[in-house]
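Student: As a plain string of letters, each chain reads:
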Amino acid sequence: MGGVAGFGPVSPDPDEPLFHEPWERDVLAITLAMGARGLWTLDESRFARESIPANDYLTIGYYRIWLQALEDLLSAKAVITKGELERFADEGTVSADRVRCPKPLLQAESVAPALAAGAPVDREPEGGAAKFQPGQRVRARHKESTAHTRLPAYVQSHCGEIVAVHGYHVFADAQAAGEGESPQWLYNVRFCAEKLWGESSARSVHIDCWEPYLEAVSDE
Amino acid sequence: MSHNKPGDHRSHHSHDDEHSPASTHDHNHDHDHSHLDVIAVRVRSLQSLLVAKGYIDPDALNALIDTYENQIGPRNGARVVAKAWHDPDFFIWLNADATAAIASLGFTGRQGEHMVAVANTPDTHNIVVCTLCSCYPWPVLGLPPSWYKSAPYRSRVVQDPASVLTEFGVTLPAETHITVWDSTAEVRYLVIPMRPAGTEGWSEEQLATLVTRDSMIGTGQALSPSQVALA
Numbered sequence: 001m002g003g004v005a006g007f008g009p010v011s012p013d014p015d016e017p018l019f020h021e022p023w024e025r026d027v028l029a030i031t032l033a034m035g036a037r038g039l040w041t042l043d044e045s046r047f048a049r050e051s052i053p054a055n056d057y058l059t060i061g062y063y064r065i066w067l068q069a070l071e072d073l074l075s076a077k078a079v080i081t082k083g084e085l086e087r088f089a090d091e092g093t094v095s096a097d098r099v100r101c102p103k104p105l106l107q108a109e110s111v112a113p114a115l116a117a118g119a120p121v122d123r124e125p126e127g128g129a130a131k132f133q134p135g136q137r138v139r140a141r142h143k144e145s146t147a148h149t150r151l152p153a154y155v156q157s158h159c160g161e162i163v164a165v166h167g168y169h170v171f172a173d174a175q176a177a178g179e180g181e182s183p184q185w186l187y188n189v190r191f192c193a194e195k196l197w198g199e200s201s202a203r204s205v206h207i208d209c210w211e212p213y214l215e216a217v218s219d220e
Numbered sequence: 001m002s003h004n005k006p007g008d009h010r011s012h013h014s015h016d017d018e019h020s021p022a023s024t025h026d027h028n029h030d031h032d033h034s035h036l037d038v039i040a041v042r043v044r045s046l047q048s049l050l051v052a053k054g055y056i057d058p059d060a061l062n063a064l065i066d067t068y069e070n071q072i073g074p075r076n077g078a079r080v081v082a083k084a085w086h087d088p089d090f091f092i093w094l095n096a097d098a099t100a101a102i103a104s105l106g107f108t109g110r111q112g113e114h115m116v117a118v119a120n121t122p123d124t125h126n127i128v129v130c131t132l133c134s135c136y137p138w139p140v141l142g143l144p145p146s147w148y149k150s151a152p153y154r155s156r157v158v159q160d161p162a163s164v165l166t167e168f169g170v171t172l173p174a175e176t177h178i179t180v181w182d183s184t185a186e187v188r189y190l191v192i193p194m195r196p197a198g199t200e201g202w203s204e205e206q207l208a209t210l211v212t213r214d215s216m217i218g219t220g221q222a223l224s225p226s227q228v229a230l231a
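Listed in order, the protein sequences are those of chains E and P. Straight run, no breaks: the first sequence in the numbering used here ends on number 220. Straight run, no breaks: the second sequence in the numbering used here ends on number 231.
Some clues are possibly wrong.
Cut-off 25 Å, straight-line C-alpha distance, at most; resulting in silico cross-link-like pairs (PhoX-like, lysine-lysine) [to be verified]:
hint	chain 1	residue 1	chain 2	residue 2
1	P	83	E	103
2	P	53	E	82
3	E	77	P	53
4	E	103	E	77
5	E	143	E	131
6	E	143	E	195
Residues on chain E that point at chain P, a partial pick, calculated with CB under 8 Å [unchecked claim]:
hint	residue
7	11
8	29
9	46
10	163
11	197
Treat the hints as calculated values from the structure; they're not laboratory data. In this text, a Cβ means the ideal position worked out from N, Cα and C, and glycines have one as well.
Build the full structure now, drawing on both the sequences and the hints.
Tutor: Here it is in structure tokens:
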């Protein structure tokens, strides 16, 4: 939503609690614990969150977005079947169906090591060197797509300059679509804020872009 | 929060929706609470079902919550910044390979697998956002505050960071260049604020007390010694 007008001022609350309701912490924990089972990737869960209708996305609150996306993923992966949650709440019955999870149950003693390890997304490069080098001019492609992408609309078709080559990283667009990791070179690209916006109090805006987002610009 | 059965909340909620188009303030208040109760029950049911089916372990849920409530937060990042101010070699390492430098202090893992540190200078102020969702460096800052995840911040900070900064009470000299870092991939950014004047000879522990969460996002600056003395 970068550059979209009309959302009003930012309202920082210095005394904000970490969670506003007890159920918010449960939603966080269930989401992380289910995520550890490997039934979906982080990019799939991001896509599930951004697929929530815009009206809801903008109004229901952060952890309700997480809850809705979690429920949608559990349903899409047949972890919870239609009507099962209602039957469980009303009658306490649980269906015998189980989906096989790629990864084992996350147990309490595994939480600290699992969080400390994280899930690095850099991979051993294959298929040749990075196409772009720091200092090179590039243009962010124009992508009309309803699929998951991490290329913000506000830089599309704009020219920028490669600042750094981060490495060879799992490609979010492919992974969100269930097409595997399909790693690509990842770059940091600097865009001139004035060129993006016409008028801006920023000097520059930096974006991380996978190689398929970018095309070369010939020096004139 | 609620001792009622889920069905009670559902019927109560739909009754409000269907028959009270013009709500009073008090009525809205009731409505919000019953609505939140519905969600609390919905979450509890979901959790119980997933536990009953063997997908998640309740002890692991408690451990996850304990981690982010009590163990991981901006004090971690403050230690990184204080060390960078105190130890020039660490500052160089942090700029060259933030992931490794930060890991040397024990801060690693989820949502901080690939770190980049961006240091403020007298000429340049850095500010971090995720316009696409809510990406944030968890191992050093913990979970993000609501405003970081909000539409006003995400939409405006890439275009007009100076006016966003005024909403945080921060005014930079007009000639300061503002650089915005939009966290669009799995790289996470940590701002290294400028070291406040009057801190010569301070220990790392003393310096860490000056480092606020917002100063490491770029929506604030490090505290001055007098601000800490007043607190």
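Student: Hints broken by the structure, by number, lowest first?
Tutor: Going through the list in order, the structure violates hints 1, 10 and respects the others.
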